[in-house]
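These protein sequence lines map, in sequence, to chains A and B. Using this note's numbering, you'd call the opening residue of the first sequence number 1 and step up by one each time. Using this note's numbering, you'd call the opening residue of the second sequence number 114 and step up by one each time.
If you're looking for bench data, these hints aren't it; they were derived computationally from the structure. A virtual CB, placed ideally from N, CA and C, is assigned to each residue, including glycine. Careful: at least some of the hints might be erroneous.
As the list claims (entries may be wrong) - Using 25 Å as the maximum straight-line C-alpha spacing, the simulated PhoX-like pairs for lysine-lysine come out as follows: (1) A:K90 x B:K121; (2) B:K152 x B:K121; (3) A:K80 x B:K121; (4) A:K80 x B:K152; (5) A:K80 x B:K312.
Claimed, not checked - Only some residues are given here: those of chain B computed to face chain A with a beta carbon under 7 Å: (6) D139; (7) E140; (8) A166; (9) T170; (10) G171; (11) F279; (12) D280.
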Amino acid sequence: MAGTRRQKTDLLRGTLDLLILRTLELQALHGIAIADRIRQLTHGTFDIQAGSLFPALHRLEQEGWIAGEWTMTEQRRRIKAYTLTAAGRKHLSVEKRQWERIVEAMTQVLETS
Amino acid sequence: MPITSKIKSFWATLVRRQQVEIDLDDELSAWVDELTDRKIRSGLDAEAARRAALLETGGMGQVKERVREQRFGFGLLALSRDLAYALRGLRRVPGYAAAFVLTLGLGIGANTAIFSVINGVLLRPLPYPDADRIMYVEQAAVRSGMPSIMFSFPEVADYREQATTFDEFVEFGDWTFNVLDRGDPHRATGGLVTPNYFKVLGIQPQLGRTLIPEDESPDAPPVAVLTHEYWLRVFGGDVAVVGQTLNLTVKQAIIVGVLPPGSHYASDQPQDFYVS
Numbered sequence: 001m002a003g004t005r006r007q008k009t010d011l012l013r014g015t016l017d018l019l020i021l022r023t024l025e026l027q028a029l030h031g032i033a034i035a036d037r038i039r040q041l042t043h044g045t046f047d048i049q050a051g052s053l054f055p056a057l058h059r060l061e062q063e064g065w066i067a068g069e070w071t072m073t074e075q076r077r078r079i080k081a082y083t084l085t086a087a088g089r090k091h092l093s094v095e096k097r098q099w100e101r102i103v104e105a106m107t108q109v110l111e112t113s
Numbered sequence: 114m115p116i117t118s119k120i121k122s123f124w125a126t127l128v129r130r131q132q133v134e135i136d137l138d139d140e141l142s143a144w145v146d147e148l149t150d151r152k153i154r155s156g157l158d159a160e161a162a163r164r165a166a167l168l169e170t171g172g173m174g175q176v177k178e179r180v181r182e183q184r185f186g187f188g189l190l191a192l193s194r195d196l197a198y199a200l201r202g203l204r205r206v207p208g209y210a211a212a213f214v215l216t217l218g219l220g221i222g223a224n225t226a227i228f229s230v231i232n233g234v235l236l237r238p239l240p241y242p243d244a245d246r247i248m249y250v251e252q253a254a255v256r257s258g259m260p261s262i263m264f265s266f267p268e269v270a271d272y273r274e275q276a277t278t279f280d281e282f283v284e285f286g287d288w289t290f291n292v293l294d295r296g297d298p299h300r301a302t303g304g305l306v307t308p309n310y311f312k313v314l315g316i317q318p319q320l321g322r323t324l325i326p327e328d329e330s331p332d333a334p335p336v337a338v339l340t341h342e343y344w345l346r347v348f349g350g351d352v353a354v355v356g357q358t359l360n361l362t363v364k365q366a367i368i369v370g371v372l373p374p375g376s377h378y379a380s381d382q383p384q385d386f387y388v389s
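Isolated chain A, as found in the complex (with noise of 0.2 Å):
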């Protein structure tokens, strides 16, 4: 699949969430490196623009779900990664679970002929 350019979607209401807490269950990612890795997974489906992630970052880290730390790259750049708290890999199995019922639902009433 990789290489193929797909058609780029909206995003439902509630899933840059779920997308932003499964990223960061992989790894500790700062601000432009989640984008890079949700249009990454999602082969360029999802293409998160700052105006929506950064406000959806702030929301999650008070909610307690993500925290932030700040730390230099390489080219001397100030930036805050963010890594999934003990709180936010609970919540992302309940939204997890949650997304699955959602799916199967959708998917029965959607291939009912």
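Following the hints, put chain B in place on chain A, whose structure we already have.
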């Protein structure tokens, strides 16, 4: 949201505002810088790359505002900004502001005064058990132009016998007595009450007893029950007061009890003791 991160965010929004802003700046700058670098790598010159990066980010100011809106306490901050703005506006028109403040002040003051009266008279329940069931019975002699006249003994007896809507009828009245042998001779207010007065108002004695039906019989010795306030003032809170005699000149009343503190008066005048 857990309360600790709520407080942290609230604190950050209100107090550490500058640091929060600097952090937000840096966070967004890192995004724009990285985007710029990518554009340069793809062949744009530095200036064009930066412009394109900013355009793609969609306005730093707007992004920042959207982030701020997420923070707890933002509403309070916005409110304080609005208030400051309103105050600045009012300072520019002092006459209008004064009239405005005066109008508000008078309005609030008048409302408070009216509410205080209504609360005291209508809303606050009487300090007795089943206060909502206690009624004050009055009668008027309309043709004689007397809005409130007392009840005669036979009238009260009739009510007591025939009324079905009341459990008990309590009579009370005030009488001023001269008290001798207790320090300086003085005048004191005695409440003339029927013994069930204490039962209806739910008052238990602190010492001794209150009045009992036997105290009403014609050949019963006169007895008195002291209010807590009178007991402290005249008897110095002496616990051996029960059984002593109170010289009221018209009669020698035996003190049978003392009431607990509090205003237990059915009339508007504070009583010193109760006699039957």
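Outcome of the hint check:
1. A:K90 x B:K121: 21 Å, holds
2. B:K152 x B:K121: Violated - the C-alpha atoms of B:K121 and B:K152 are around 38 Å apart, more than 25 Å.
3. A:K80 x B:K121: 18 Å, holds
4. A:K80 x B:K152: Given pair A:K80, B:K152 holds - Cα atoms ~22 Å apart, limit 25 Å.
5. A:K80 x B:K312: The hint is violated at about 75 Å.
6. D139: At 5 Å from the nearest chain A Cβ, B:D139 passes the 7 Å test, so the hint holds.
7. E140: Result: holds, 5 Å to nearest chain A Cβ.
8. A166: 10 Å, violated
9. T170: 5 Å, holds
10. G171: Since chain A brings a Cβ to about 5 Å from B:G171, closer than 7 Å, the hint holds.
11. F279: Nearest chain A Cβ about 62 Å off; hint violated.
12. D280: 60 Å, violated
Hints 2, 5, 8, 11 and 12 from the list above are not met by this structure, while the remaining hints are.
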